[in-house]
Amino acid sequence: MKNSRKILPFLLLLLFFTSCITQFLPQTNEDKEIIVIEGLITNKPGPNTIKLSKSLPLGGASAAKPLGGCSVSVTDNLSDSYSFTETTEGTYVSDSANFQGVIGRIYTLHILTNTSDNATRFDSYPVEMKPVPAIDSLYYVKQNIKESAEGDPLQQGCTVYLNTHDPSNSTKFYRWEYTETWEFQIPFSVPNNICYVTAGSDVINIKNTSSLGEDRVESYPVKFISNTSDRLNMGYSILVNQFSLSEDEYSYWEKLQNLSEQVGGLYDIVPSSIPSNVYCIDNPDAKVLGYFSVSACSSKRIFIKEYFAGLVDLYTNCADAKAPIGPVIPNLGVTVWIIGSHGPMDPYWILTYDKGCADCTVRGSTTPPDFWPTGK
Amino acid sequence: MKFKSLILILLFILSLNVKAQEKYDISVDLKDLTFKEFVSRAEKLLPVRFFYRDEWVSGLKMGDYSNCTTLSCILDNLFKGTSLHYIIEESGNIVITDKYAVNVSVAPVEKENNFMPPSDYAGSEGSQHTEGTASVDIGNPGEKNKTGNVTISGYIRNKDTQEPVSGVTIFVQKLTVGTISNDYGFYTLTLPRGIHFLQFSFIGMREKKISVSLFGSGELNVEMKSVLIPLKEAVISAQKNVTLQRFEVGAEKINIASFKLLPTSMGESDIIKSVLLIPGVQSVGEGSAGFNVRGGSVDQNLILLYGAPIYNSSHFFGFFSAVNSDIIKDVTLYKGGIPGRYGGRISSVLDIGSKEGNRREFKGNIGVSPITAHVLLEGPIIKDTLTYILTARTTYSNWIFGLIKDPSLQKSKASFYDINGKITYDLDKNNKIDFSVYTSHDSFRFNSDTIYSYNNNIFSLNWRHYFNSRFFSSFSINNSSYNYNISSRYLATEAFVLSHKINSTGLKADFNWFLGRNEINFGLDLTRYAVNPGSYLPYSDSSLVKPHILDKERALETAIFIEDKFQLTDFLSLNIGLRMSSYFSFGPHSVMLYNPEYSKSKSTIIDTLYFKPGALTSKYAGPELRVSLNFRLSDKNSFKINYNRTRQYLHLLTNSTSISPTDTWKLCDYYLKPQIGDQIAAGFYEMLFKNSFEASAELYYKRISNMVDFKGGTHFIMDDNIEKDIVNVRGKAYGLELVLKKTEGKIRYSIGYTYSRTFVKSISNFSEEMINSGKWFPANFDKPNDLVVTLNYIFSRRFSFSANYIWSTGRPITYPVATYHMYDDLLVDYSDRNKYRIPDYSRLDISLNLKGNLRSHRTAHPDWTFSVYNLLGRQNVYSIYFKREGDLYNGYKLSVFGRAIPSVTLSFDF
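First to last, the protein sequences are chains A and B. Read in order, the letters of the first sequence are residues 378 to 753 in the numbering used here. Read in order, the letters of the second sequence are residues 8 to 917 in the numbering used here.
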C-alpha cells in the first residue's frame, strides 16, 4: 500500500508557509560496481535475451555499462542446457531454433564472469514458467490535461488502459512491459523528415489481484501519454506484454517500485538493496542486482491516430541563427545544420546547432516498422 | 495604599500566631455609611487598622447590622456576596483581600495532636524562604525525655483544590533526611525524637517550613498553596534535594507550570516536546511522532493517561501531542529505574498526572492559537465532594488549505480534536472514586479521494481506599483503544475501507504499605488485548474488493509485583522490586509452518497449524527485577546505581523512518517473541552553591532483544503472515547524560549534554533476513551528541522570557549510491542501512509571556504568549529524499520549519 507516501506532501501542504526544498547531492564514498542481471525467458518464439551490466555511480553518467565476456547458460528441470551467445557487448542471446520456453518447466540461470582475470560464478534460484491469460482489451482514453482558460489553450493527452482476467483464478500477480513506437515529423523541409522511434517501458507496471474476489484486472493504467512529447502528433502504437509472476517475483518488483519513486522521507519506507534471485556462488556476501524472470507471455497492440489539442511543438527552439550566407549552401561541417531558407529573392539560411532538428534519424529510423499500417 | 505594602503586612501577620476574631465589639449605627466612613469611625473607636484597596470597596454601602455585636459579624455581613475576604490579626490589623481568603484558622485536632498548620499566602518574590513558618507538637510531651526514633506521616494537599500533591519533598536539612510524598499525597518519615525543622517543597507550590517538636509518632497533615502567579515557578525549582532523595536513576518530573512557559511551535504547549528537552530523550526529527528514550524505539514507551496506555500519542503525525496540556497536572518520565508497578513497555514510562476539578469554585479558561482553540471548565457539583473537569481542544487549520491556489489541494482537509473529562467523588474520608474519559480524533482527506482517520479512546474508573493512615489501596479498571480507517473511492471497482484496531482492558490493584523504614508497594496487573490486525472491505457494492479480515488476535497479560523501598542506614537506601509477568495468546488462529532450511516466505510454507477458539497459541513468562541503591555521600551529593529488566508483549510494526499513524500494533504470537530490555545505570548528583545549582551525571548501558525490523522494501499492511517479512533484531545503547541546572532566582537555566549511541543488529541464518550482513548498525534515532539549553528570565510578575536552544548530530540515513538499468528502466541501489547522516540539527526558540492586568477585580485574566520558533531561521533538514526525474535520480533537502515562525496564543482565565 502506498498510502504512507502521501503523508509527506501533505505535511508540506500544512506547512506551506515555511517549508522549503533545496536540491541536495549526498556525499557518498561508494564506488563498487555491482553486477546487474536483466533476464527474461518467455514461451514466445524468437531469441530470449539476458543482459548483463554494471551499476553506475549516483548522479554520474546515465548510459548503461555493459558487462561483456561472460558465459551465460540456462538449464531446465529436464537437465537440458542451453547456452547463450554474446551478440553485442553485455547482451547474450539464445539460439531460437534450439530454445523456447515451455510452460511448466523450471529454469535456472548460470553465469560465469570473466572480469579482470577473476572468474566469478553466479546462479539463479530455479524458476517455474507459469501460464498467463490473454489480454482482454487494450484501449485509450483521451483526457484534458489542462482546460482552456484566459489565453491558455486546451491541452490534451491520453492514458492507455488494460483489461484482463484469468478464469482459472490462478494468475493473481501480473507484470506488464510495453514497447512504444511512434511516427514524428520535423516541421522543416529537411531530407530525413519523417521517422519512427521506438522506446521501452520505463516504469514498473505490476498488479496483485489476490485481494479481489475475482482474478480480474480492470482499467489498469499502463501508460500515460502527455502532450509534452511528440508521441501523439502523427501516429502512435503501443505493444503490451503481459507476464504472470510468482509471489516471490511480484514481491521483488513491488519492493523495487516502492523504492524507486521517492525515498528518504520520514514516512517513506526505509530503503535497502533488494535481493535478487541470482546469487554469487563464490562469494555469498556479494551483492547482485536485477532478476531472472521466467514467464509465459501474452501480447496486444493498439494504434492511436487522432487529433489531440495543445500538443507541444518540440521544434520551436531549433533556429539558433538566422544569417544570410549567400546563394550557395556552403559545406557547414558537423556543428551547424540548415533547416530552411527564407525569401526566394534574397535567400538566407535558417541554421540550427541541434542535429535533431535537421535530421530525424538522430532519434529514429525512416523505415516504418513491419507492423506499421500503410496508406494512412 | 500600595499593593506591595499590603503584601508585606500580610507576610508580617502570617508569622504571628493568629487567634480569635471576636475581640472587637462595635455597636454603632452604621447604616448607609460608605466603607471608608465606616473604617475611619472604626479606627477611631477601636485599636484596629484596616488595609485594603480603594477600588475594591468603592461601591460598598453599610447596611443594618443592629443584630451584630462584633466587628467580624459586621464584616461577614458586609462582604457576603462580594469577592472580598478579610482577616483580623491579633495586633489589630484588619487586612482585606479580594478573590481569595486568607484562611488562618487552626484546624481541629484529630487523634494524637494532629495539626493543620496555617497556610501561607504571600505573593512577593524572594520572601519565600522566610514565610510560612509554623510550629507544632506531635506526640505526648510527657515522653520528651525518651530517646529513639519515631515516625511521622500525613497527607499533603493542595489548599485550593484539595487534591493530593504527589512528589512533594519533605526534607530535614540538619539530618539530611527526607522523603517524597506518593501518589496519594502521603508521606512518612522516621526521625529521632526532638525538635526538627521540616521543609515541604514542590514545584509550583509555596515552600513551607514547619518546626516540629517530636515526642512520639503521629500525623502531620499539610496544605500547600499554589503560588498566586505560577509564572515565576517556571523552572523545576523544588526538585532540589528531590534528585538526591529519589531512588530511581533517570526519573524526571515536569510540572505543568514549567512546560507551559516553554517556547511553542504554532502556539501550542506540548508535553511531548518538553519531554524531548530531557537528556536521554530523542526523536527521529522535529515533527515526527513519538520519542525515543535511551535507545529504545517509540513503541517501547508506556504513556499513561488516567492509568491507561495511549497507543498513539500525537495529532498531525507528531506536530502536536494527542493529550491537551490543559488537563495535565504533572508528568513523570522514567528513563530508567522503572518502579515495579509499571510494566508492559521496556524503555520508559511517561505517567501523565491529570488534574482534578476545583473543589471550591467554578473556574474556566479559554485559549486560542493560530491552529487550535481550547476550553477548560471545572468546578464542584457538590462542594468539596463531587467535582468535575472538562477540557476540549479543536483545530481550525483548514483555512490554510483555502489559501492554496492548487485546486486539487483545496479539496484537502485536516482536522483533529480531543476531549478530556473527569469526575471525582469523595465517598468519605477513606474512599475516593474517579471516572475519566478521553477521546481524540484526527482525520484528513488528501486530494479528496482518500480519507484517513484515527482515534484514541480511554475510559478509566479508579477507586482509592485508605485502610488506615499507613495502608492504602487503589483499584482501577480501564479500557483504551486505538483505531484507524483509510478509505478510498478513487476507482469505483477498487474502493475500499482499510482499518486496524487495538483494544486493551486493564485491571489493576495496587497496595501501599508504610512500615517504619520500609515502604512496600505490591499489586496485580491484568491486561486483556484484542487486536484487529486489519480488515480490508469494499467501500460500496460496485467495488470488486474481496472482504479480507485478518485473524483477530487475543491475549492476556498478567503481572504481580512487589517492591520495597528500604532505608538501610541514614546514608544507604535500597529499593528492590520484582515483577512477574506472563503472557498468553489464544486462538482461533492459523499458524503457518515454514521449512526451517529457508528464510520464511510464501513459497517455503510446509504446513498449517490451526488453533481452536480459546486454545493457547503462545505463552511467555519471566521475572523482571528492578533494583536501586542510593548512597547518600553527604547532604550535598549522592550516588545511585540501578538495574532494570523489562518485558514487552506487543510490537508496533513500522517500516518507515518515523512511526506513522497507520502503523499497526501486533501482539506476540507463535513466532513473535516478547521484547526484553535490560538496563544498568549509575548516577552522581550534587547540589552546588547553597543548593542553587544542581549537577548530575548519569551513565547507562542497555540491551534489548527480540525487536522487529523488516526485510527491505516490504509493506505489510493486510499481511496474513507477518512473520515472513519480519527480521529479528537486537539493540544496544549506552550514553552519558550531564546536566547543570540553576534552580533559583530571577534567571534560571539548565544545560544538558548527552553523548549516546544506539545500535541495532539483525539476527538470522539467512541473508535475506540480514540487514547490513548482520553487523551492528546505528538505529534511526542514533544522534550521538545532543545539547539542550533552556533559560527562563522572570522580569516581573507580569513578564517572563524563556528560550531554548537545541543542537544535535543529524540522524542516520540510507542513501542511494548507485543506479542501474533494467528493461529501459533506471533503478537505484542503496547503501548499507543508516550508513550516512543528515546534517546537524540546531534550533533556537524564544517566548515572551505577558500576564494581562493582574488587578484582581477583573473578571477575566488575559494571558498572552508570544513565541518565535526557530528564531535563527536555520533550515534544519526534516528529510532528504530522492526522486526520479527523467534519466536522473535527484536528491532534495526539505526543511519544514525553514524560517522563524512567530505565533501568538491568548488565553483567558475566568
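These are computed hints drawn from the structure, not numbers from a lab. Each residue gets a CB set at the ideal place from its N, CA and C atoms; glycine is no exception. Any given hint could turn out to be false.
Claimed, not checked - Which bits of chain B does chain A cover? Going by a derived footprint, with three or more residues having C-beta under 8 Å, they are:
id	stretch
1	509-521
2	538-544
3	832-845
Stated by the list, open to error - DSSO-like cross-link-like pairs, simulated, lysine-lysine; straight-line CA separation at most 27 Å:
id	chain 1	residue 1	chain 2	residue 2
4	B	K609	A	K549
5	B	K559	B	K643
6	A	K409	B	K609
Now the hints, each set against the structure:
1. 509-521: Not satisfied, violated; 0 residues make the cut.
2. 538-544: Coverage by chain A is violated here, the residue count being 1 at a Cβ distance below 8 Å.
3. 832-845: Result for this restraint: holds, n = 9.
4. B/K609 <-> A/K549: Roughly 14 Å separates the two Cα atoms, so the pair holds.
5. B/K559 <-> B/K643: Roughly 56 Å between the alpha carbons, so the hint for B/K559 and B/K643 is violated.
6. A/K409 <-> B/K609: violated (33 Å)
In this structure, the earlier hints numbered 1, 2, 5, 6 are contradicted, and the remaining ones agree with it.
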